[in-house]
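Q: Just so you know, the protein sequences line up as chains W and Y, in that order. Numbering-wise (my numbering), the first sequence opens with residue 1 and increments by one. Numbering-wise (my numbering), the second sequence opens with residue 1 and increments by one.
By construction, these hints were calculated from the structure, which means they are not laboratory data. Backbone N, C-alpha and C define an ideal beta-carbon position, used for all residues, glycine too. A portion of the hints provided could be inaccurate.
If you want the footprint, here are the derived chain W segments under chain Y, 3+ residues with CB under 8 Å [as the list claims (entries may be wrong)]:
#1 12 to 18
#2 21 to 35
#3 48 to 62
#4 338 to 346
The chain contents come next:
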Amino acid sequence: MSTLPHASPPASPHAHGGASIARTMRHVQVALLPATLFGFWLFGWPAVHLFVITVGTCVLTELVCQRLMGLDSSFGDGSAVLTGWLLALSLPPWAPAWIGALGGFIAIAIGKQLFGGLGQNLFNPAMVARVALLVSFPVVMTQWVAPLPMTADGAPGFGEGLWITLASPPLPDAIASASLLGHAKTELSRGVDLLHALGAATDPLLSWAGARAGSLGETGAIFLLAGGLYLLATGVIRWHIPLAVLAGLAIPAAIGHALDPAHYLPASAHLLSGAAILGAFFIATDYVTSPNTAFGQLVFGFGIGLLTWIIRSWGGYPEGMAFAVLLLNALTPVIDRYCRPRILGRTYRGAPIDAAAQRGVK
Amino acid sequence: MGFIDRFLRTRKFSRGIHPEDHKRPAADAPLRKMPLPERLYVPLLQHVGAPARPAVAVGDTVSKGQRIGEPQGAISAAIHAPTSGRIVAIGDIVAPHPSGLPVAAITIESDGRDEWTPLTPCADPFALDAAEIGRRVSAAGVVGLGGAAFPSAVKLSGGRDANVDVLIINGGECEPFLSCDDRLMRDRAADAIDGIAIMLHATGAREARIGIEDNKPEAIAAMRAAAAGHAKIRVEPVPTRYPMGSEKHLVLALTGLEVPANGRPADVGVVVHNVATAAAVRDAVRFGRPLLSRLVTVNGVCVREPGNVEVLIGTLADAVLEFCGGVRADRGAPARLLLGGPMTGMQVPTLHVPVIKGSGGILVLDRDEVGVRTPGPCIRCSTCVRACPVGLLPLEIARRVRAGDLDAAVKFGLKDCIACGCCAYDCPSHIPLVQYFHHAKGELAARDRHKLRSEATKTLAQARAERLEREAREKAETAARRKAAPDAQPAPAPRPAVATPPAGESA
Numbered sequence: 001m002s003t004l005p006h007a008s009p010p011a012s013p014h015a016h017g018g019a020s021i022a023r024t025m026r027h028v029q030v031a032l033l034p035a036t037l038f039g040f041w042l043f044g045w046p047a048v049h050l051f052v053i054t055v056g057t058c059v060l061t062e063l064v065c066q067r068l069m070g071l072d073s074s075f076g077d078g079s080a081v082l083t084g085w086l087l088a089l090s091l092p093p094w095a096p097a098w099i100g101a102l103g104g105f106i107a108i109a110i111g112k113q114l115f116g117g118l119g120q121n122l123f124n125p126a127m128v129a130r131v132a133l134l135v136s137f138p139v140v141m142t143q144w145v146a147p148l149p150m151t152a153d154g155a156p157g158f159g160e161g162l163w164i165t166l167a168s169p170p171l172p173d174a175i176a177s178a179s180l181l182g183h184a185k186t187e188l189s190r191g192v193d194l195l196h197a198l199g200a201a202t203d204p205l206l207s208w209a210g211a212r213a214g215s216l217g218e219t220g221a222i223f224l225l226a227g228g229l230y231l232l233a234t235g236v237i238r239w240h241i242p243l244a245v246l247a248g249l250a251i252p253a254a255i256g257h258a259l260d261p262a263h264y265l266p267a268s269a270h271l272l273s274g275a276a277i278l279g280a281f282f283i284a285t286d287y288v289t290s291p292n293t294a295f296g297q298l299v300f301g302f303g304i305g306l307l308t309w310i311i312r313s314w315g316g317y318p319e320g321m322a323f324a325v326l327l328l329n330a331l332t333p334v335i336d337r338y339c340r341p342r343i344l345g346r347t348y349r350g351a352p353i354d355a356a357a358q359r360g361v362k
Numbered sequence: 001m002g003f004i005d006r007f008l009r010t011r012k013f014s015r016g017i018h019p020e021d022h023k024r025p026a027a028d029a030p031l032r033k034m035p036l037p038e039r040l041y042v043p044l045l046q047h048v049g050a051p052a053r054p055a056v057a058v059g060d061t062v063s064k065g066q067r068i069g070e071p072q073g074a075i076s077a078a079i080h081a082p083t084s085g086r087i088v089a090i091g092d093i094v095a096p097h098p099s100g101l102p103v104a105a106i107t108i109e110s111d112g113r114d115e116w117t118p119l120t121p122c123a124d125p126f127a128l129d130a131a132e133i134g135r136r137v138s139a140a141g142v143v144g145l146g147g148a149a150f151p152s153a154v155k156l157s158g159g160r161d162a163n164v165d166v167l168i169i170n171g172g173e174c175e176p177f178l179s180c181d182d183r184l185m186r187d188r189a190a191d192a193i194d195g196i197a198i199m200l201h202a203t204g205a206r207e208a209r210i211g212i213e214d215n216k217p218e219a220i221a222a223m224r225a226a227a228a229g230h231a232k233i234r235v236e237p238v239p240t241r242y243p244m245g246s247e248k249h250l251v252l253a254l255t256g257l258e259v260p261a262n263g264r265p266a267d268v269g270v271v272v273h274n275v276a277t278a279a280a281v282r283d284a285v286r287f288g289r290p291l292l293s294r295l296v297t298v299n300g301v302c303v304r305e306p307g308n309v310e311v312l313i314g315t316l317a318d319a320v321l322e323f324c325g326g327v328r329a330d331r332g333a334p335a336r337l338l339l340g341g342p343m344t345g346m347q348v349p350t351l352h353v354p355v356i357k358g359s360g361g362i363l364v365l366d367r368d369e370v371g372v373r374t375p376g377p378c379i380r381c382s383t384c385v386r387a388c389p390v391g392l393l394p395l396e397i398a399r400r401v402r403a404g405d406l407d408a409a410v411k412f413g414l415k416d417c418i419a420c421g422c423c424a425y426d427c428p429s430h431i432p433l434v435q436y437f438h439h440a441k442g443e444l445a446a447r448d449r450h451k452l453r454s455e456a457t458k459t460l461a462q463a464r465a466e467r468l469e470r471e472a473r474e475k476a477e478t479a480a481r482r483k484a485a486p487d488a489q490p491a492p493a494p495r496p497a498v499a500t501p502p503a504g505e506s507a
């Protein structure tokens, strides 16, 4: 009666906590939703179309790659959707359709499947695509639009939005804009110092609300932060990477600004501009490409923050988060190598601990 | 320094996991005693070490508590008849083991009278010396009842030599579903405390600390009440954190001491015994009563009346399950039959196997409770790293094992793995990590055996080559001598040298 038909029984444990890849991906998508919807509202229908195209291309590329390699489709785990989603959030909201499609293809085909698929890639696929697009098509990739909420007069409707995304007509001057970081970089290069160039543009209130030019999903700091806290609360991510990224960015920025406010943006501007919050909570925390241990994650995050600040302050590009993430991704194996946890009963070097020394401590 | 160091080390045990415990309502159900079964199947190997040698023959009649298996070797345990009756068979039965392979056992047909063999009680155990207590415990066949089943006498009588100062009693019972130790502490607290006092006396330890997970308030209260009169025995609640019942982790949580890798608790002056073992030691020393029964948790959503049952060793698990109302029909086919807990217990192909001294649980789980699905790829989420109570990188070890690089896996700490299952429990990709580690450890053992054997073969071959060479040389010399002096008497033939195999190897 109480007999099972199994020939070779599986090893323990015979219970599971219920976590799954699909559930993790779903949590991240839920966390991204507020900032994404805000981006849609802020930048109108073209942003929606771009999002659909980017995500769609990622999923399609994943399916085709896996079919070509004769693998089972992993569409159900939601990882390709997430890659496309993150990429879309980092693109200029009115970018043409081909940018989204090309980016989606690069992210999945080159950034992920060429390395062997889920879990095998060294670099964050969305950031690989973003950087590839940025260095290949710098003009298109830095054409920002001023916020033009969906509900505002003159905002493009569904059809007009489709036309903007598919045909990419030249943007009228009234709509074209510069992001804060881009503006600061341009003015500095013209010899104008920041005290004169920015005026009220660094007002943190404006930045928190996100009503300014920037990538599709980067500007609504408060929505991204809410999503990040949701991820922390659900245990999908831990605090080490986000905090380290923000600290790595804010600490040198604060020092720089204190020493020379005319040439260095304040810490608040750094934290609330560009991909800082998005990057800290959603991109740097990518499991596959970040270190394994808490200490390693602190090193990794701080490295990203610091490098972002360096690129923003002295590099050729106004934004440096994507480059910083990729560079630290490359260092992840090295960080993992040097940041191993201590094994119980052993010293950090791996030798058994001294029993005699402990008997005195008790 | 000492305090901070101790705090930091105690804090280390924030790792591990917190599995859903499923202990109630079985834990709260009153203890039941199983009626005498018709036949008992008593395996000769129920402990770590060498199997016992049968001391009876087929056809013999035995009384309850009579010794039917003699221990063999330094680490072994005696086996006793759980009831009176007739020996009907000595031979192989299906082992309570995942393989379902045969194991030698003595089958007793009960005569229904349950008559005891004469016992030798002892009025004052505290007048006995450690060696005598060890002898009585050994004679009673007491082994660790927490699951590992290490012969208890070895740890008890070794206590004074090892200079033990703290006796730790494991009442952690961190395995989900299991509550037999909880039940024992609630219902037999006085016996357990008496046993602990005897163990304190035997080991010469300064004090005893009873670690009980704080999800068992009734057990904590009962043990506290029973220990009230003993200055040297303290009950210490520990956080409910799997694997708190692991020896090294309990020692860490209670004393802040860390047992060195490859070492034993005795190295830091600690000895650990399970709380049920303490009760068994008391029975053995005070009354001369051998270990004939144990508490078994019967649990799982498929069981009709889950609870704890006092079961004679050798009773078929199937019969115990039937006693608990059998399997519920409305739950569909059971997905897993387990002996022990779900984290470290073993799946058995059938419950037609006897309960042995180490069996703490009989579980019948359905698909939802098992919850294990088809494995996906590792996404390096490092959940396993966070979960591992030993501080390993399970994902890195698994990667090396998968690539066949066992040396690298060992460098990452494969041999330090305690197979607690925390990593696999939390893995979102459902990768059977523990299975990888078991496999790798098996491969390593096989490789070591092979290496030993090939070294022995090499030594033998070398010895043979040397012998042949020497013989040839001697023959040549004899021939040369004969040639030089053809009239001389022929020399006696040289005795061939005998190659002796190297010590310790019987190849």
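Q: Hints first: check each against the structure and report whether it holds.
A: Hint check results:
1. 12 to 18: holds (count 7)
2. 21 to 35: holds (count 3)
3. 48 to 62: Three-residue rule not met by the segment 48 to 62 of chain W, so violated; n is 0.
4. 338 to 346: As far as the segment 338 to 346 of chain W goes, the hint holds, because 7 residues have Cβ atoms under 8 Å from chain Y.
In summary, the one numbered hint that this structure violates is 3.
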